[in-house]
Amino acid sequence: MVTRLSPPAWTAVRLVSLVGLIGAITAVMLWDGRGPASALRHLFVLPTAWAAVALGRAGGVATAALVALVDVPLLLRAIEAGGMTAEAVEAIVTLAVLLSIGALAGGLADRARRHLTRYEAVLALQQAIGRGTPLSEGIALANRTLRGLLRAESAEIVVRRDDGSFVDEHGVRELPRGSLGAWVASASGGAVLRDASAERQPGRSLRAAAVRLVAGDRVIGLAGAARLTDFSRDERAALETLGVQVALALENARLGNELESRVAAATRELSELDRAKTELVSIASHELRTPLTSLRGYSELLLARRYAEADARKFVTVIHNEAARLGRLLDNLLDVARIERGQRIELRPMPVDVRALLEGCAELFRAQGTGRCFTVAVDRGIAELLVDRDAMERVLSNLVSNAVKYSPPATEIRLSATLDSDEHVLIAVEDEGPGIPDADRPHIFERYYRVSRPGSTARGLGLGLALVKALVEASGGSVAVACGGGKGSRFTVSLPAAPGVPGARPLP
Amino acid sequence: MPMPLRPFSALDAPYDPLAAAARRRALPRAMLGALAAIGSLFVVAVWLELTRHEWLRVVGLAVGHGALLTAAVARTIPEWPRYGGGLVILLLAVGVTARQGPWGAVAYLAMPLALLSVLGRDRRLAALGICLPLTWLPLAAGAGFGALLGGHLLISASLTVGYHVGLPPVSRYLAAVAYDVGVNVLSAECFFRGVVFDAYQRRRPVLLALAVSTGAALARYLVDPALPRSVEAMAGAVLYLGALSAASCGLFWWSGSLLPGALAGVLFFLAYRAVGAW
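Chains A and B are the protein sequences, given in the same order. Under our numbering, think of the first position of the first sequence as 1, with each following residue one higher. Under our numbering, think of the first position of the second sequence as 509, with each following residue one higher.
If you're looking for bench data, these hints aren't it; they were derived computationally from the structure. Beta carbons: idealized from backbone N, C-alpha and C, even for Gly. Some hints here could point you the wrong way.
To be verified - Using C-beta positions, here's what the derived DEER-type ranges look like:
#1 D630/B <-> A58/A: 51 to 61 Å
#2 P620/B <-> V93/A: 38 to 48 Å
#3 Y119/A <-> P733/B: 52 to 62 Å
#4 W31/A <-> L540/B: 48 to 58 Å
#5 V93/A <-> G594/B: 23 to 33 Å
#6 A58/A <-> G784/B: 32 to 42 Å
#7 M84/A <-> D732/B: 54 to 64 Å
#8 V673/B <-> A27/A: 21 to 31 Å
#9 R177/A <-> D630/B: 31 to 41 Å
As the list claims (entries may be wrong) - Only some residues are given here: those of chain A computed to face chain B with a beta carbon under 10 Å:
#10 L75
#11 A152
#12 G164
#13 D168
#14 R173
#15 G181
#16 A191
#17 L193
#18 S205
#19 A209
#20 D230
#21 D234
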């Protein structure tokens, strides 16, 4: 049965073998009788090289030192006996060569081991980052890997963003003015700083190294590390190479995350649009069906039998109003659809009598028997507007329709016109409803936006005010709303007053 | 592994490339100047000792070790003349006392106490490394290395024809040990590790600092008139004192304290004083 040794046990076996080999060679040299001048001293190369390859530079040098410790008493005795002879010098040179072999071969073995560890670590890191690790976790992982590879007290990577700022594992990373990082970020190369820590300790000081991470001709980040031992040129190059690989992997991960979040946002937006569309279809069906039900119901009543003229007139009025409402609804839908498609609505501005416009609108709603009291007030001196009549009628009917919808019965709805400036007339529609909540007010002119009030039965598609805004702005005016703290709403429309040259004004 | 330090960000470290370059350039000149001045004082001290005139030897010891200790104090305390003169005068007094008889050498032990007294009055001296390490491990390593090197020296000496191993008369042995503890090891640790190694490693690679410090310490011992002038003694001195000095640098770097290196030195010199020439 083969028993596999644990790493510490295996190291102990190797050390014992090493010491045994040195002891055996020494014993043979003693038996030889020629002391340190024996040609057998060259056999010490074997344990030295073995230790260097197996244990690295420290092992190689320690083994050479052990050989020296064993050899020196014999050497000193020989020097005492014969002075500094050629054989004694040869023996000293042999010890120096052994020390060099231990250091050089051990250094090479260390380097090969470092390269292997480095590539394995980078591979593992890239695989970890490639699995969709978030940027902050990726940077933290890279920092840990770098710290382990460089055997550093601390190591960190900061990734440069497109706007020139840096991020680390905790988020945005400020590099203090006059710091190593700030200098390297603005310089053309890296830098090494000895005695870097402000915390002074006798006999030792932190070394700090910082390099720029460059991919192509673009600086993609910085890498820095600090430790007590010096950074060799090889290690600085390794820091740079590793940093670039890690930063590229992080950059790819960041781009992947960004793409993923954009796709997610677009998907959310599409879902929202789909939901809004479904809701619109549902509301539109309901809105269209309500007047159609009235139309069908009253027309069937009229067809079924004869009614008194007053009753018949009442039924016909309802049919007329519902047909008008249906027409407005369809007009609004068609106009909004046209605006959404980017098509222009042709307006034909012409002089329009303000009082007649307001009175006509009030009369229209009075005739519908809404139960509200409509008053009209026009300042003296206001005669005509330069607007498209049809468009203005739809603007006013939308505003008044909203006022009717949201104000309680037996309240007053005021339509007024005042001079806003030399060139503009201010038309206001005021009601005594509950007003519009502050949170909703910025959005009420958006398409499909509806103010949700608990217990409210008001219907609508959320198109009226959007259309009002579009028509008023196309007419060269503006629309605004003000609320008096639960005491009604006041919509104001500012329109051009002075009649100019009539002509077509395209709606954007 | 070195003792741990607080978390530190390399990218946040204050950096002025011009000042750093100026510090690097200034170091060799300053250090060479200091070494030349102290070396000259040592040569004078050696010459004085070589005169074989009892009182001049006392002056030589005071000047030589006084220069090393004063330089160490000056490294951490800018107002060093306040203490430097006192240390040299004390060394003179200690030297005079030591010449009065074997037991008078106990007076050498006043020097560490004097340095502790300076430390008590001015804590800045602690930056030299006169403090206990954070753990006992460096002390154990220092003791182990000193014992190993000392033991090896005893084996080497026992194999060498012209030397023997054995305790000299107790009073003479203790006098020599008191000198090593109170002056020899103390001044070597304070100057060659506390000043030379520390200053170099802050501006140059650690290995270069180790080489410079070890080379300077070896030079100091090789010009010491107390060292036998035979080839094997010189070769042994280079080997043992070089290893001791290098190990002391390593222990200082590892622990941030001069005590482990001093312990190694004391243990080595305990063995060294047991070696005598036939």
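Under the constraints set out in the numbered hints, which ones does this structure not fulfil?
1, 5, 7, 12, 21
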